[in-house]
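Taking the hints into account, I'd like the entire structure generated from these sequences.
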Amino acid sequence: MRAIIFFFISICGFSVYSQNKEVLYDFIDLPQSLMLNPGAETNFNFHAGVPFLSQFHVNAGLRGASIYDVFADDGRDINEKIEITLNNLTSNDYLTLTQQLEFVNFGWKSKKNEKIYFSGGIYQELDVIGYFPKDFAVLAYQGNQDFLNQPFRLSNISGSGELLMVYHFGYNKKVNKKLTFGARAKLYSSMLHIRSARNKGTFTTVETPQGNNIYQHRISNADVTVRTSGIQSLREIEGETTSEEVKEAVNKLVGRALLGGNLGVGVDIGFTHKIDDQLSVTGSVNDLGLIFYTKDVETYRARGNYVFEGFETPVQFSSESQDFLDELEEAIPLDTLSNSYIVARPLKVNGSLKYSFNPDDDGSCNCFLEGERPGYLDGIGVQLFSQFRPKRPQYAASLFYYKRWFSFLRTKVTYTVDDYSYYNFGFLLSTHIDKINFYISANNLLEYTNLAKARGASLQFGFNVIM
Amino acid sequence: MKTKKVYLLLCSMVLIMLSISCVKDVDFDQTEDVVLTPVFELDFIYSEFDTSQFIDPDTDPTIVIPEVVINDTLNYDLLGTDFVVDNLERVELTFEFINTIQRDFTFSFGFLNDAGQRIGPSYTIIANAGMGAGTEPVITNEIIVLDNATINVLGAATKLVSSIRVQNVNSTLEGMLELKSKGTYFINYDL
Numbered sequence: 015m016r017a018i019i020f021f022f023i024s025i026c027g028f029s030v031y032s033q034n035k036e037v038l039y040d041f042i043d044l045p046q047s048l049m050l051n052p053g054a055e056t057n058f059n060f061h062a063g064v065p066f067l068s069q070f071h072v073n074a075g076l077r078g079a080s081i082y083d084v085f086a087d088d089g090r091d092i093n094e095k096i097e098i099t100l101n102n103l104t105s106n107d108y109l110t111l112t113q114q115l116e117f118v119n120f121g122w123k124s125k126k127n128e129k130i131y132f133s134g135g136i137y138q139e140l141d142v143i144g145y146f147p148k149d150f151a152v153l154a155y156q157g158n159q160d161f162l163n164q165p166f167r168l169s170n171i172s173g174s175g176e177l178l179m180v181y182h183f184g185y186n187k188k189v190n191k192k193l194t195f196g197a198r199a200k201l202y203s204s205m206l207h208i209r210s211a212r213n214k215g216t217f218t219t220v221e222t223p224q225g226n227n228i229y230q231h232r233i234s235n236a237d238v239t240v241r242t243s244g245i246q247s248l249r250e251i252e253g254e255t256t257s258e259e260v261k262e263a264v265n266k267l268v269g270r271a272l273l274g275g276n277l278g279v280g281v282d283i284g285f286t287h288k289i290d291d292q293l294s295v296t297g298s299v300n301d302l303g304l305i306f307y308t309k310d311v312e313t314y315r316a317r318g319n320y321v322f323e324g325f326e327t328p329v330q331f332s333s334e335s336q337d338f339l340d341e342l343e344e345a346i347p348l349d350t351l352s353n354s355y356i357v358a359r360p361l362k363v364n365g366s367l368k369y370s371f372n373p374d375d376d377g378s379c380n381c382f383l384e385g386e387r388p389g390y391l392d393g394i395g396v397q398l399f400s401q402f403r404p405k406r407p408q409y410a411a412s413l414f415y416y417k418r419w420f421s422f423l424r425t426k427v428t429y430t431v432d433d434y435s436y437y438n439f440g441f442l443l444s445t446h447i448d449k450i451n452f453y454i455s456a457n458n459l460l461e462y463t464n465l466a467k468a469r470g471a472s473l474q475f476g477f478n479v480i481m
Numbered sequence: 063m064k065t066k067k068v069y070l071l072l073c074s075m076v077l078i079m080l081s082i083s084c085v086k087d088v089d090f091d092q093t094e095d096v097v098l099t100p101v102f103e104l105d106f107i108y109s110e111f112d113t114s115q116f117i118d119p120d121t122d123p124t125i126v127i128p129e130v131v132i133n134d135t136l137n138y139d140l141l142g143t144d145f146v147v148d149n150l151e152r153v154e155l156t157f158e159f160i161n162t163i164q165r166d167f168t169f170s171f172g173f174l175n176d177a178g179q180r181i182g183p184s185y186t187i188i189a190n191a192g193m194g195a196g197t198e199p200v201i202t203n204e205i206i207v208l209d210n211a212t213i214n215v216l217g218a219a220t221k222l223v224s225s226i227r228v229q230n231v232n233s234t235l236e237g238m239l240e241l242k243s244k245g246t247y248f249i250n251y252d253l
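If you read the protein sequences in the order shown, they are chains L and R.
Final position of the first sequence in my numbering is 481; the numbers increase by one with none missing.
Final position of the second sequence in my numbering is 253; the numbers increase by one with none missing.
Don't read these hints as lab results, they were simulated from the structure.
Note that the structure is a prediction, hence the values are computed from the model and not measured.
Here a beta-carbon is modelled for each residue, glycine too, at the ideal position from N, C-alpha and C.
There could be a bad hint or two in this list.
As the list claims (entries may be wrong) - For the chain L half of the interface with chain R, some residues (derived, Cβ under 10 Å), not all of them:
| hint | residue |
| --- | --- |
| 1 | ALA86 |
| 2 | LYS214 |
| 3 | ASN226 |
This is the structure in structure tokens:
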């Protein structure tokens with residue numbers, strides 16, 4: 015009970031977003047754009063992210079509610095606000111939290127072929143999504159009295175969480191003047207993973223005027239699975255949290271980060287196609303891959319049917335004493351399995367159409383000598399994003415405006431419509447002074463004045479050396 | 063010079079962002095006021111009797127048995143968890159007797175602790191006599207409320223004892239007695 019309540023409160027306390035980095039996508043002045051589209055245009059000779067500082071990304075949000083909805087200091091009773099929020103939320107609303115930290119990021123132009131750019135690196139990612147278990151929140155908050163004959167669906171229980179390291183190496187090639195293509199191979203090392211999805215079954219309190227008793231409490235076709243990996247062995251290090259044990263747990267996690275975890279492979283693929291000098295289209299698919307969970311795996315599965323009608327008493331010659339919990343456990347046994355399993359990474363798809371204008375022709379460009387035209391200072395266009403999630407894909411569409419003010423100051427603004435809001439403005443600022451680059455970007459700017467009202471927010475920043 | 067200006071601009075932007083980005087107009091202390099008051103409906107006990115359970119139908123009809131009692135004991139510890147004892151405000155036990163047997167029945171129940179001793183009150187309900195087999199059954203409804211003080215006493219209950227008794231039974235009696243019941247559990251849970 016307590017756990018359910020805390021889950022509910024915490025879900026109200028956060029906001030979740032997807033991994034959309036609409037402001038960073040196709041911002042080709044930054045090498046991090048290669049992480050979103052390995053086929054992005056590149057004009058670098060060499061780049062290196064400042065270790066541990068080249069990209070920090072965090073993204074959190076809740077679809078369907080905000081902290082303000084529940085905790086507003088407006089004199090209303092919090093219980094009333096919880097009830098209203100609870101009624102507004104659906105089981106398709108969710109909490110997501112994504113955080114990434116680049117450890118290393120580097121790249122260089124091939125010496126043999128100028129048209130090829132290699133890049134690679136290591137980053138850590140935490141990715142959590144929890145759908146709002148509406149039916150069970152209602153059951154915990156209001157009980158079943160007002161919901162007789164209505165099923166509480168176990169399919170409401172859905173979510174996943176993962177902590178992993180990603181080792182990657184990418185290849186980017188200007189195939190011709192019109193087309194740039196790229197691919198990135200990824201090796202995942204999962205440190206912790208938990209997932210429960212595609213659960214089935216219902217719990218219903220049915221009125222039975224013709225039955226043995228007033229109601230039947232039915233658990234029908236229950237099939238609930240929770241898969242975990244990397245958690246069992248950590249749980250074994252239990253007891254007092256002495257420094258020794260903490261050290262052991264940390265060592266385990268570090269080992270898994272260094273390719274000692276459950277391994278997986280994946281690719282990113284992308285392209286940039288110039289329709290003409292000013293119009294270009296890009297597309298990319300990220301994290302097309304699988305992780306094979308074979309080590310430290312524990313899966314819990316409960317399946318079955320159960321009907322409870324109360325206790326039959328008094329009866330003559332009463333048989334063995336009934337124990338309702340024993341009967342329940344027998345009808346719906348909880349199995350603990352250690353079978354390996356495979357889970358696909360959450361696939362992300364990006365696309366954009368960009369129109370560039372206002373050529374950067376101050377006479378200083380020697381590009382004409384090289385047979386090329388100068389770049390453009392302004393760009394405008396649309397972007398689309400989609401990410402596959404346990405229940406259904408998430409979508410977002412953005413309009414953007416890119417502006418290169420000076421060679422040392424470049425910006426981009428976006429306006430995005432997605433699951434969470436229709437008023438999502440994003441902003442990116444990138445400075446290029448000598449070889450040192452700093453960038454910062456955030457979205458949902460209108461809501462920064464009061465994050466409590468925000469349905470979500472995303473922030474990323476970092477330092478690079480670019481030549 | 064240019065560089066300095068840019069960094070100045072950048073720093074002020076970061077500062078502006080930080081200063082305007084905050085969480086306001088919210089009061090997290092309200093968490094202390096959160097009270098969950100769900101109401102759960104759960105079947106309690108049920109039973110069904112025909113007259114053969116009180117007297118052998120082949121018994122000579124002139125023989126009248128002054129009283130027949132059926133006693134039963136059942137493992138029952140639903141009131142025993144800490145959560146229930148701490149947060150259950152009250153329980154309403156709703157009983158329904160559906161009777162066509164032409165006799166009153168006396169139904170009693172109570173609770174025992176681990177040592178087999180009676181704890182808390184005993185409850186008795188009279189189920190009104192019916193009008194014979196094949197007639198419209200006579201229905202007796204009764205609600206018994208277990209208040210918070212009683213629930214605290216019953217926290218140690220591990221067994222439910224119940225009995226049904228009927229007087230002046232002979233083999234000409236016909237019909238059925240059905241017992242249905244549910245508990246309505248009123249939770250009051252402060253975070």
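- Message: Checking each numbered hint in turn, tell me which of them this model violates, lowest number first.
- Response: 2
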